[in-house]
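**Q** Quick note, the sequences are listed as chains A and B, same order.
Under this note's numbering, the final residue of the first sequence carries the number 312; numbering is consecutive throughout.
Under this note's numbering, the final residue of the second sequence carries the number 312; numbering is consecutive throughout.
Note that these hints are calculated values from the structure, not bench results.
All C-beta atoms in this analysis are idealised placements derived from N, C-alpha and C, irrespective of residue type, glycine included.
Any given hint might turn out to be false.
To be verified - One-sided and incomplete, this derived list gives chain B residues near chain A with beta-carbon spacing under 10 Å:
hint : residue
1    : Arg42
2    : Ala85
3    : Ile135
4    : Leu205
5    : Val210
6    : Leu221
7    : Trp244
8    : Asp246
9    : Val265
10   : Arg268
11   : Gly299
As the list claims (entries may be wrong) - To spell it out: a stretch of chain B is covered by chain A in this simulated footprint if at least three of its residues, at any positions, have a beta carbon under 8 Å from a beta carbon of chain A; those stretches are:
hint : segment
12   : 159 to 169
13   : 189 to 196
14   : 230 to 236
15   : 272 to 280
16   : 285 to 296
Said to hold, decoys possible - Pairwise CB distance ranges (calculated):
hint : chain 1 : residue 1 : chain 2 : residue 2 : range
17   : B       : Arg33     : A       : Ala275    : 49 to 57 Å
18   : B       : Gly35     : A       : Arg298    : 49 to 57 Å
19   : B       : Ala275    : A       : Arg184    : 27 to 35 Å
20   : A       : Arg287    : B       : Glu120    : 27 to 35 Å
21   : B       : Gly35     : A       : Leu147    : 56 to 64 Å
22   : A       : Asp149    : B       : Gly35     : 54 to 62 Å
23   : B       : Ala275    : A       : Glu139    : 27 to 35 Å
24   : A       : Arg268    : B       : Gly127    : 39 to 47 Å
2 protein chains.
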Amino acid sequence: MTTFSFEKLVIFGVGLIGGSLARALRERGGVARGGSIVGVGRSSASGERARQLGVVDEIAALEDDASLARALAGADLVLLAAPVAQTGPLLRRIAPFLDAATLITDAGSTKSDVIAAAREALGARIGQFVPGHPIAGRESSGVEAALADLYVGRNVVLCALPENRPDDVHRIEAMWRATGAHVRTMDGAQHDRVFAAVSHLPHLLSFALVEQILGEADSALKFSFAAGGFRDFTRIAASSPEMWRDVCLANREALVDELDAYMAVLARLRAAMLAGDGATLEAVFARSREARTGWLERGARAARPLDDLAST
Amino acid sequence: MTTFSFEKLVIFGVGLIGGSLARALRERGGVARGGSIVGVGRSSASGERARQLGVVDEIAALEDDASLARALAGADLVLLAAPVAQTGPLLRRIAPFLDAATLITDAGSTKSDVIAAAREALGARIGQFVPGHPIAGRESSGVEAALADLYVGRNVVLCALPENRPDDVHRIEAMWRATGAHVRTMDGAQHDRVFAAVSHLPHLLSFALVEQILGEADSALKFSFAAGGFRDFTRIAASSPEMWRDVCLANREALVDELDAYMAVLARLRAAMLAGDGATLEAVFARSREARTGWLERGARAARPLDDLAST
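Extracted from the complex, chain A is given alone in its bound form (with noise of 0.2 Å):
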């Protein structure tokens, strides 16, 4: 396995993930002797904070060229970890002051419209960015919540494109080893079909239920009577609104193809209910409550089980 360390790291969005994965780097000999961790951000308040809790050495502002040249030159390394509708803006600004031997990589929840923005940005400097997805958060955001053992048991998946040099991949997958994550690969429309179901569609459903319990004349007595099942099953529409209107948008096809599939189920259960056919009604949720079980009993048994880990 190849160990990872390097001398220069630029971290674009010093929150949860880009501050966690300074953090866990920092801890477990990642940064070579010398070597350095510069937070980049719109806000140069939120990186003098990142800057004082210790999680980056240097700050460099987006919007001036000369610190963004300085903070660039002789990187080893650059972390996108904005939001990924911000990929493709920060890919352009980057462009110009982009080292041969840079690599890029990033955080985003979507891959196919990261990678297809990176290409328009990047053009024959494609190569330099090998796109990835650390599967992990936590309910706070912001840099002060970020952990060093954020990424401990965790998947980070890695979606390599057929220009990246393999060892330029390997370097990415040991970076992330290093943080205590598992490295899983596969392309980039094949992770959006993964969590398009098992993430976005849940979180689509969640704020849903909500917006049609809002719009009925007797909203304040129903939530005066929701009670666990629906607390558990709302905890997810508690999440940024921002974000996942931009997953929404940037994984729209395969999301639509997926919620088209659930809507397909619904209409087969109201066809059971309506021809008082118990049989398959039953047949689905005894299918699906021992589907979920066995899902649950795997997780207990993997590194790292899943409690303290929020909605991703």
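Following the hints, put chain B in place on chain A, whose structure we already have.
**A** Here is chain B on its own, set in the frame of chain A:
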């Protein structure tokens, strides 16, 4: 406020719900000096277990006319705490042995169907039946899981019938208040709409999500990446398939209405995604998050938060 005590309470189905009522009344002085609690079940083993645990004083056999007649003679109150689909058969079985002074109530999670079954089984004696629904539960079931404080701070809905005498309704209210519950009243149709929206529909949606993923070719891959959001969303898919089959059939009218309204919300979100309409998505998500957060904050200020409340 009426205080409540009785000489003889007969519980059909001494599991979590019936057993917890028995324990609560016993601990809180609801059983008069010399009074007794009789448990009636289909299996003599589970009844025997309830007696060994001290939850009931005596047991009777449903199939045995003499035993059932002895159990019901002079009873103040009968509680039906069996699955809702058994309401009609149970009441038909009870009717020939029912004293004119005995009140009957139930704990079923649907009400229109229970009321219809009771009207058919009891005929002119329908006034003796006061329909109810305690909103409480635990993940474990059976008489072993019964708790004296299961109902403390919980809502109990009573759906009094026009044929009920006000004094009889007050006695049932007083019984539930004696367990520490809050009693709220509404009619059966309203009850079923409320619980279709906040309980039955979320259960259906949760089962349906697992069913959909199971039906896809890459379901193993998808389950292997499911994380915290999926876990919370599908927690209620671990519920009893038999119980939820019965609930979906019993409350199908209200549930199909809610499902149709929900699918209309999904269709709106789908159209917004395809149109690239981020403003609509964000507005819906923000509104949902705010409503859900407000609901949770009101709950946290309530007498008893939902932390240990299973799917209900």
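**Q** Enumerate the violated hints, using their earlier numbering and listing them in ascending order.
**A** 1, 12
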